[in-house]
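What follows is the residue order along each chain.
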Amino acid sequence: MIAKRIKQVPPSGIREFFDLVLGMPDVISLGVGEPDFITPWRIREKAITALEEGFTSYTSNSGLFSLRRDISNNFKKKYSLSYNPDKEILITVGVSEGFDLALRAILDPRDKVIVVSPYYVAYPALVEINSGRAIYLVTKEQEGFKISPEALSKLVEQKPKAIILNYPSNPTGITYSHQELKEIWRILSRKEVIIISDETYEELTYEQKHVCFSSLDKKAKQQTILLNGFSKGQAMTGFRVGFACGNEKIISAMTKIHSYSMLCGPIISQIAACEALRAKEDIAYMRREYKRRRNFIAEELNRLGLFTIKPQGAFYCFSSLKKYKVNSLDFAKQLLFKEKIAVVPGRAFGKDFDSYIRISYANSLDNLKEAIVRIERFLKAL
Amino acid sequence: MDEILEILEVNARISLEDLQKITQKSKKELNQTIKTYEKKGIIVKYKAVINRQKIKNDSRVVALIEVKVAPQKDVGFDLIAERIYRFPEVKSCYLLSGTYDLLLILEGKDIHTVASFVSEKLSPLSQVKGTTTHFLLKKYKEDGVILVKGEKNRRLPITY
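Line by line, the protein sequences are chains W and F.
Each residue of the first sequence is one higher than the one before, counting from 150 in our numbering.
Each residue of the second sequence is one higher than the one before, counting from -8 in our numbering.
What the hints contain is simulated information worked out from the structure, not anything from laboratory work.
It is possible that part of the hints are untrue.
[Claimed, not checked] Once the Cα atoms are required to be at most 25 Å apart in a straight line, the calculated PhoX-like pairs of lysine-lysine come out as: (1) 295/W / 331/W; (2) 18/F / 36/F; (3) 472/W / 518/W; (4) 529/W / 471/W; (5) 518/W / 143/F; (6) 130/F / 38/F; (7) 19/F / 459/W; (8) 38/F / 429/W; (9) 120/F / 132/F; (10) 143/F / 195/W; (11) 30/F / 459/W; (12) 518/W / 16/F; (13) 143/F / 459/W; (14) 489/W / 143/F.
Please build the complete structure, drawing on both the sequences and the hints.
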């Protein structure tokens, strides 16, 4: 009854673990991939007003022009990047839909796509669902979980159709400097590889300035599908608004699929997103808070012997269990049963990462402190 | 504003250890900075924000009093403000632009205490040209904290 290629996609290896967490009360969860902040009031208030004013219709397939225009202006101001709001920007239902559309628009059966691991769980699954084949670039802790130019050079010889970049990264929290991105681009620019650059966590970059991949040069812009949205930095996960920017051909193809499958993103959410582009102070406040929590938790995890590279963005620590010689699922289960702390086992992000756990610090400092006390107690008893 | 002030303004009880971890500054540096702020009068006091509405039998009343005053030569409003803010029942005193000059926040054990303060202490001052007293009925938000109904995050406990 079910299509072969869907059957072939393996179910998440930690579904069972998720169910355990869901059934357990009073857990401090460090396993959440979304902000603990509620959407800033000025954004919510705008959505309420829009509803009161009767904004309940479809929008154009590409999304509200005012939102595309504001996104375009925002990129111009921040990165001197120029995207035509008429033809080069598409509003999607979260970045997830944008990602799916990008793959659907460019992949023919068995096309190869480079997935950098540890990866966001949806990447390889959606590549397979869209009849492509994921080939993996496995990063190493000692290289800061960053793409090694040598490994990348080798993989591009396999003639991949695309590569998925994600920075700041879920699950490692690492990001790339301008110089590092230029090096990646130097390798990719020699080939006809499409770069799907998922920059969802752009707003949550702490020390350095975020660099959009498409801002590297004109050709990079032509070859890149830039994906971003309002879920993380603006704490609007439930609104489901994302966007894709790219060359006219690709955006037009993505819009074609979107217009048949989704029609358009929800109008209320799009109006709220326009307001989010103006809520700079709210965003800066949340960023400051995450940064402080990051400082706290990264130092504490390292103190406890869970080696953690200090994340430069997003709100995750990817901590090593090597010192404790235990696999990630067992560790996560025991930690949950004994101390009621939930973390995500590293194996969810790639088979090579079973000796890591992902810890989200999108949680109050009080909860993080309590979590550290419990983790310390747990580790002592191991 | 400096990060240390920003953090202390929200949570004055944070321990030096935690402050050190979240700012990545040394304890020595933090200690010195905080001492300097205290000495300079930038940090004036460490206090708790109390929601009195939750205390049973707490009958104290709070009033906001608008005061219109005549400024004096050379000293402007400062002297008359001082005459007023020195009364301990005046919890806050602000000089404002607009239709009146001083705004006082007054606390008293009951409505009569406030009324007698206004009629016996405040109004008789020769520079005071008029007062309007507003009694506070309900506090919804104080010092950035919503007092009446908190918001709950409805996140699932685990997501990618």
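Consistency of the hints with the structure:
1. Taking the CA atoms of residue 295/W and residue 331/W, the gap is about 13 Å. The hint holds against a cut of 25 Å.
2. Among the hinted pairs, residue 18/F with residue 36/F is consistent with the structure: their alpha-carbon atoms are about 21 Å apart, no more than 25 Å.
3. Annotation: proposed proximity of residue 472/W to residue 518/W holds, straight-line Cα distance about 22 Å (limit 25 Å).
4. A hinted pair counts as satisfied when its Cα atoms are at most 25 Å apart, and residue 529/W with residue 471/W qualifies at roughly 15 Å.
5. Our distance criterion of 25 Å between C-alpha atoms is met by residue 518/W and residue 143/F, whose separation comes to about 20 Å.
6. At most 25 Å may separate the alpha-carbon atoms for a hinted pair to count; residue 130/F and residue 38/F meet this at roughly 18 Å.
7. Restraint check for residue 19/F and residue 459/W: the C-alpha separation of about 23 Å stays at or below 25 Å, so the hint holds.
8. For a cut-off of 25 Å, the pair hint linking residue 38/F to residue 429/W is broken: about 30 Å separates their Cα positions.
9. Under the criterion of a C-alpha separation no larger than 25 Å, the hint pairing residue 120/F with residue 132/F is inconsistent with the structure, at around 31 Å.
10. Restraint check for residue 143/F and residue 195/W: the C-alpha separation of about 20 Å stays at or below 25 Å, so the hint holds.
11. With a C-alpha separation of about 36 Å, the suggested pair residue 30/F and residue 459/W falls outside the 25 Å cut-off, and the hint is violated.
12. For the given pair, residue 518/W sits about 18 Å from residue 16/F by alpha-carbon distance, which is consistent with the 25 Å threshold.
13. Restraint check for residue 143/F and residue 459/W: the C-alpha separation of about 30 Å exceeds 25 Å, so the hint is violated.
14. Between residue 489/W and residue 143/F the CA atoms are separated by roughly 20 Å; this keeps the pair inside 25 Å, and the hint holds.
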